[in-house]
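J.: Residue 165 in the working numbering sits at position 165 of the sequence shown, with consecutive numbering throughout.
If you're looking for bench data, these hints aren't it; they were derived computationally from the structure. A few of these clues could be false.
To be verified - Distance condition first, Cα-Cα at most 20 Å in a straight line; then the derived SDA-like pairs of lysine to any residue: (1) K52 <-> L155; (2) K52 <-> A158; (3) K52 <-> G140; (4) K52 <-> L127; (5) K52 <-> T38; (6) K52 <-> V154; (7) K52 <-> P106; (8) K52 <-> Q71; (9) K52 <-> M126; (10) K52 <-> L98; (11) K52 <-> D103; (12) K52 <-> L135; (13) K52 <-> V134; (14) K52 <-> P129; (15) K52 <-> M17; (16) K52 <-> I161; (17) K52 <-> V157; (18) K52 <-> L110; (19) K52 <-> L105; (20) K52 <-> S150; (21) K52 <-> G128; (22) K52 <-> P164; (23) K52 <-> I153; (24) K52 <-> F93; (25) K52 <-> Q141; (26) K52 <-> E73; (27) K52 <-> L160; (28) K52 <-> Y94; (29) K52 <-> G149; (30) K52 <-> P41; (31) K52 <-> I12; (32) K52 <-> G142; (33) K52 <-> Y10; (34) K52 <-> I40; (35) K52 <-> S125; (36) K52 <-> L24.
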Amino acid sequence: MYGSNHSCSYPIYAMRMGIDIEWLSFILPAFVVGGVITQIPLGLLSDRAGRKRVLLLLATVGALIFLAIPQFEHHIPLLIAAFLVAGGLLGSFYSLGLMYMADLLPRQLLPTGNVLIAISFSLGSMLGPVTGGVLIEWVGQGSLYYAIGSLLIVLIVAGLIFRPVYRGEQ
Numbered sequence: 001m002y003g004s005n006h007s008c009s010y011p012i013y014a015m016r017m018g019i020d021i022e023w024l025s026f027i028l029p030a031f032v033v034g035g036v037i038t039q040i041p042l043g044l045l046s047d048r049a050g051r052k053r054v055l056l057l058l059a060t061v062g063a064l065i066f067l068a069i070p071q072f073e074h075h076i077p078l079l080i081a082a083f084l085v086a087g088g089l090l091g092s093f094y095s096l097g098l099m100y101m102a103d104l105l106p107r108q109l110l111p112t113g114n115v116l117i118a119i120s121f122s123l124g125s126m127l128g129p130v131t132g133g134v135l136i137e138w139v140g141q142g143s144l145y146y147a148i149g150s151l152l153i154v155l156i157v158a159g160l161i162f163r164p165v166y167r168g169e170q
C-alpha cells in the first residue's frame, strides 16, 4: 500500500494522509508547547493528589484524545488543538514517571530504576518508528493514533492492576 519501508515518523504519516507539510510546523510543536506549559502545574498536582492517580487520569484523557483524532484528522485547527491538549497531558509522563518511581523505590534502587527507564525510553525510540511504519502499511489511516491510544489503555490497565510493593503511594 505505502511501500515496503517500515520506518516511519509522524511527518511521513501526516503527508501520506494528505496533511500539508506547512501545517506540520504547527502540529508537532503544539504537542511540545502543551507539555512545557503543563509540566510544573501537573507536577504540583501530582504532589497533592498522588502521582499514580494523576498519571492514570492523564493516560485516560490522552487515550480518549488519540482514539478520537482520526475523526477530525483533516480538520487542521482541531488537530492542532488536540495535539496541544495531548501534549499538555502526556508531555509530562517521563518526569512524572521518574517522580513516581522515586516515590516507590528505596533509595538504593533509584539508580537501577533510572537505568531501566532510560532503556525503556531507548527501546521505544527504536521500535516506535518501525512499528508506526508497519501500522501505516497494514492499517492505514488513523493507525498511529489508534496505536498510541491503545498503548495508553494498556498502561491504564497495568496501573489499575499493579500495586506498589515498597513505599506507600503519594
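J.: Against the structure, test the hints numbered earlier, and report the numbers of the ones violated in rising order.
T.: Hints 3, 4, 8, 9, 12, 13, 14, 15, 21, 25, 26, 31, 32, 33, 35, 36 contradicted; others consistent.
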